[in-house]
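Novice: Residues per chain, in single letters:
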Amino acid sequence: MTHDEALLQFLLRMGDNTLILGHRVSEWCGHAPVLEEDIALANTALDLIGQTQLWLGLAADVQGDGKTADDMAFLRDAWDFRNVLLVEMPNGDFGQTLMRQFLFDAWHSIMLGRLITSSDPRVAEIAEKASKEVAYHLERSGDTVVGLADGTEESHARMQAALDYLYPYVGEMFLSDATDAEMVAAGIAPDPAGLRDEYDALVGRIVDTATLTLPDGRFTHKGGRDGRMHTEHLGHLLTQMQWLQRAYPGASW
Amino acid sequence: MNNEWPLWEVFIRGQHGMSHRHVGSLHAPDAEMAIKNARDVYTRRNEGVSIWVVEAANIAASSPSQKGPLYEPSESKVYRHPTFFDIPDDVGAM
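Sequences listed follow chains A and B, in order.
Here the numbering used here is used: the first sequence runs in plain steps of one and ends on residue 253.
Here the numbering used here is used: the second sequence runs in plain steps of one and ends on residue 94.
For reference, chain B alone in the conformation it holds in the complex (with noise of 0.2 Å):
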């Protein structure tokens, strides 16, 4: 029998971010007590107003090992960064 509580992802919305951002993870019986740990263990210093929390074993992942195919041919396509126009000073920053 597997006694460890599961593993679960924490993310959290800082006080002026726009989105929740990946900050670690804890072990927990429920996703109740999983948001309780992460008050806990990740804001008790006054980091976030929002907490998520998934657990991993939902979360599915690229492979390490398919690194070249997935990643590799976007590297010699410069010209999908739209830094080829001239941006007028008044739009501000983009």
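With the rest of the complex left out, here is chain A (with noise of 0.2 Å):
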């Protein structure tokens, strides 16, 4: 694998994690519980994608073949994301989108706080800008999670259920391979598996301070930041995501 080959896997990576994401987010949109969630669930969707722009439009740069950030958003299929298996789960009820958020946004801002120092110019400029918007996802998910897990019987339950079924997804953020070996030897972003404690450690404060019990095992699902098997759920979701561009190829505004 070249450098850029790595470079352009580590992008797609990190672009693939926010527009899928970006995307689960927005199918709430005119759907959430009360008026101020579904604005601030908007408002979240919109800055994953925005920094999906930036992402994919320096892989696309990488890349060389005159592509753009859109081409990489909406003509790729299921097999050439590389977003973790975590950020296309179904968003469930209103506390399984929380959580999922709050898992991502924990293992993201951590991310992003090393890339800020990344010696490539472009990736720490990209992660100085999405890092304040993370800092406010993260506190925002982290505290709706203790919100509604410290709540009601049931609101507990609904948590605690969440977090039972996408637990077995976080352990993908923590994986390395050819790719973050290269990544880490360049000196343009950290091994993910030397993330885990720090994340341990900030999921498991919100975790005890909510009330909840995290699970004992850290078998996790993978296949989806190396591409080898995504969930049935991406397809779904790029059927939604990309018909505009696939019924009417080159629409624009």
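Read the hints as simulated data drawn from the structure, not as lab findings.
Values in this document were obtained by computation on a predicted structure and should not be read as measured data.
Among the clues, some could well be false.
[As the list claims (entries may be wrong)] No farther apart than 25 Å at their CA atoms in a straight line, the calculated lysine to any residue pairs in the SDA-like style are these:
no., chain 1, residue 1, chain 2, residue 2
1, A, K222, A, D164
2, A, K132, A, P121
3, B, K67, B, K77
4, A, K132, B, D30
5, A, K132, B, A31
6, A, K132, B, G48
7, A, K129, B, G48
8, A, K132, B, R45
9, A, K132, B, V49
10, A, K129, B, R80
11, A, K129, B, K77
12, A, K129, A, G147
[As the list claims (entries may be wrong)] Computed Cβ-Cβ distance ranges for the label pairs, DEER-style:
no., chain 1, residue 1, chain 2, residue 2, range
13, A, K129, B, A61, 18 to 26 Å
14, B, G24, A, K129, 26 to 34 Å
15, A, K132, B, K77, 23 to 31 Å
16, A, V34, B, H16, 29 to 37 Å
17, A, Q245, B, A61, 50 to 58 Å
18, A, D71, B, Q15, 32 to 40 Å
19, A, K129, B, V54, 27 to 35 Å
20, B, R21, A, V34, 18 to 26 Å
21, A, K129, B, H22, 28 to 36 Å
22, A, L35, B, R21, 40 to 48 Å
23, B, A56, A, D150, 42 to 50 Å
Beta carbons are placed, not taken as given, at the ideal position from N, Cα and C, and that holds for glycine.
Assemble the dimeric complex from its two separately framed chains, guided by the hints.
Specialist: Okay, structure coming up:
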């Protein structure tokens, strides 16, 4: 694997995470339980889509064949995507959506904090901008997880069920492969495995405050970030997200 | 049982504004969430640099039916406006 091939994989992983989660969160638009949460979720989705434009725009530059961020988002198929499985999981109820958001935000904020000192100034610049948005996402999702879990009997049960359902997808964010080794060697990005302790401390703190119980096992589903095998959910998501460009190729505003 | 979150009034100080202005209201379970919701509902177009929220129930308001006795007496007292003084140009805007 050449350096540029590894860099491209890394950028796709960052950009596909934000793209797929951004789309998932946008599915709530007009459906959230209260107006305030509806707007807050839409803001989060827009932040993530904005970050996607930067990551996938840079990925397209590195790929160097004249493609754009839009091409990357709308004209690739499921097996080309490099997002972790966690972000393509269905929204479920509001609690499950916020639990997924929190589990991702915690990783995202730690990752971006490291990328701010990336040896590649283009990566550092994106991380700098995104980290402010993500700090707010984390504060909001963390508070909401605590509020719901430490709420009524029903909301607590739903949040525990969401945690039990989603936790087996957390481990994938901390897997390392040849792409990561190349990024570490070049000083561009940290080794994901090295972020786990900080993540466990952060998530553990919120889970305790929320009166939830972290599942014991460390088994993790995987296959998203290396594109080996996504869940069945990604294809369904893409049929929604990409249908306009598929039905009307080249259509623009 | 009332399942509605309480209503909060939101005040925002703009980029160059000196004081907070009332911009609207929203629902939230507590003050912290009210500030977060205000951030998301009322500052998404860069409107402000500071947010105040106050639970609407804590605002005492004058009664609309008292409009006459409260406000009309001041209508005929133009001498209360300091517009009868000549202000030197050097003073600038007052």
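Novice: List, from low to high, the hint numbers that the structure doesn't satisfy.
Specialist: 10, 11, 12, 13, 15, 22 and 23
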